[in-house]
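Chemist: Residue numbers (the working numbering), protein chains in the order written: chain A, 8 to 255; chain B, 354 to 505.
Just so you know, the hints here were simulated from the structure itself, not pulled from any lab data.
For clarity, every value in this text was computed on a predicted model and none was experimentally measured.
Honestly, I wouldn't trust all of these hints.
Only pairs whose alpha carbons sit at most 27 Å apart, straight line, appear in this in silico DSSO-like list of lysine-lysine [stated by the list, open to error]:
1. 199(A) - 504(B)
2. 395(B) - 199(A)
3. 199(A) - 375(B)
4. 375(B) - 431(B)
5. 106(A) - 377(B)
6. 101(A) - 504(B)
The chain contents come next:
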Amino acid sequence: MKDIVISRLNELVNELAKEEEKKKAWEDFLVDFAEVCEKADFKEKLKTSIINLLNHVNEKELSDGIGLLHEKIDNFPAVDVYKALIEVLGEKNKENLAKIAELHDVLAELSTPIIQLWEDVLLVPIIGTLDSQRAQNMVEKLLESIADTRAKVVIIDVTGVPMIDTIVGEFLIEMFSAVKLLGSDVILTGIKPEIAHTLVKLGIDFKMVIIKRDLESALKYTIKQFEEGKEIKLDKNRGKNRGDAGEN
Amino acid sequence: MMNYQNFKDIDINVHDYDIVLKIKDENDISVARQMAKSFAQKHNFSLADVTKIATAVSELSRNIYRYAKEGYIYIKKKETEPDKDISIEIIAYDRGPGIENVERAVAGGYTTSERSLGLGLAGVRRLMDSFYIMSEVGKGTIVVAEKRRRKF
Chain A
8 MKDIVISRLN ELVNELAKEE EKKKAWEDFL VDFAEVCEKA DFKEKLKTSI
58 INLLNHVNEK ELSDGIGLLH EKIDNFPAVD VYKALIEVLG EKNKENLAKI
108 AELHDVLAEL STPIIQLWED VLLVPIIGTL DSQRAQNMVE KLLESIADTR
158 AKVVIIDVTG VPMIDTIVGE FLIEMFSAVK LLGSDVILTG IKPEIAHTLV
208 KLGIDFKMVI IKRDLESALK YTIKQFEEGK EIKLDKNRGK NRGDAGEN
Chain B
354 MMNYQNFKDI DINVHDYDIV LKIKDENDIS VARQMAKSFA QKHNFSLADV
404 TKIATAVSEL SRNIYRYAKE GYIYIKKKET EPDKDISIEI IAYDRGPGIE
454 NVERAVAGGY TTSERSLGLG LAGVRRLMDS FYIMSEVGKG TIVVAEKRRR
504 KF
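Pulled out of the complex, with its shape left as it was, chain A reads as follows (with noise of 0.2 Å):
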């Protein structure tokens, strides 16, 4: 086999590809071939040289290329390279998988920055649509940073949510009354017309929070809240200070 390999080598290359460096990626395959073809654990070291080839051709040249090889080799191993194979595209598969997991681990972090913007205030800006993982990290990793920075104002922004269902809606609200509960209060901003319109028709309403129309807006009344000494007063007051941050 090895000999035939060797002997037939140019020939063979010339058949399996046309440009020059899918050649020579055939050629070192099939000198790595017919170097372990005889010895026992062929399978095992064949491995190495089919990666080395994929990283030259694709999948369904390499397959091409082994029906090929079976075609115009006597007692060509074809069914011991297909599961070498096989259990190299499974192996790579598997890396795929782990790092598609890990990817969607960094973005679970990437996806809920909390900023701090100011002494006391914290911005959350919210993007993308929310899944209940998300949205469960999200609120896990707020209460950590309230409780860390004793932020007095956390502004929840959601100019980057496309939609609000009431799952979403159930979500913000869980979270509202989770960072009350440490004392802080919340400010609402980014809420987009049709979202509006949406959220009223579903009879989701965030009365239980401060909300402002943009992050200028809730900036705004953060200081002069801050400059005049008072703690932000919901409930009752809530209408007049609302009323005394439109005079800014």
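Here the structure of chain A is known, so what remains is to put chain B in place on it, guided by the hints.
Modeler: Coordinates of chain B only, in the frame set by chain A:
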């Protein structure tokens, strides 16, 4: 608007629908919402109505996922006459546990789930122009809702 007297009368022909989606895990909810959104956008619904349709689909598929575990969302464009105004019809169909007290569920504020406001179905009814529900305990639930395109 479809009306079913009995659960066994339900006969949905998938070929009549532009979008047919199986809901079986949480990711399918976002997929359904995205598809409904782009479908409504493609047919020139206003931004507010696109959001309403997407939200309604999100609520309906959430209900399927939460209570029935598995079911289908069907979406189609309805056109009575050519060049007349069109509407989008959404059907949510599952063979889940069914709803015991449909009136209460649709009235809002009623839920069997702990972490829920119980606003979903009532919300869908208000978001859409027409709304029909039939549910039979042990058999399943079907919701048919429609939104007309408004002229500007």
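Chemist: Name the hints, by number, that the structure is in violation of.
Modeler: 3, 6
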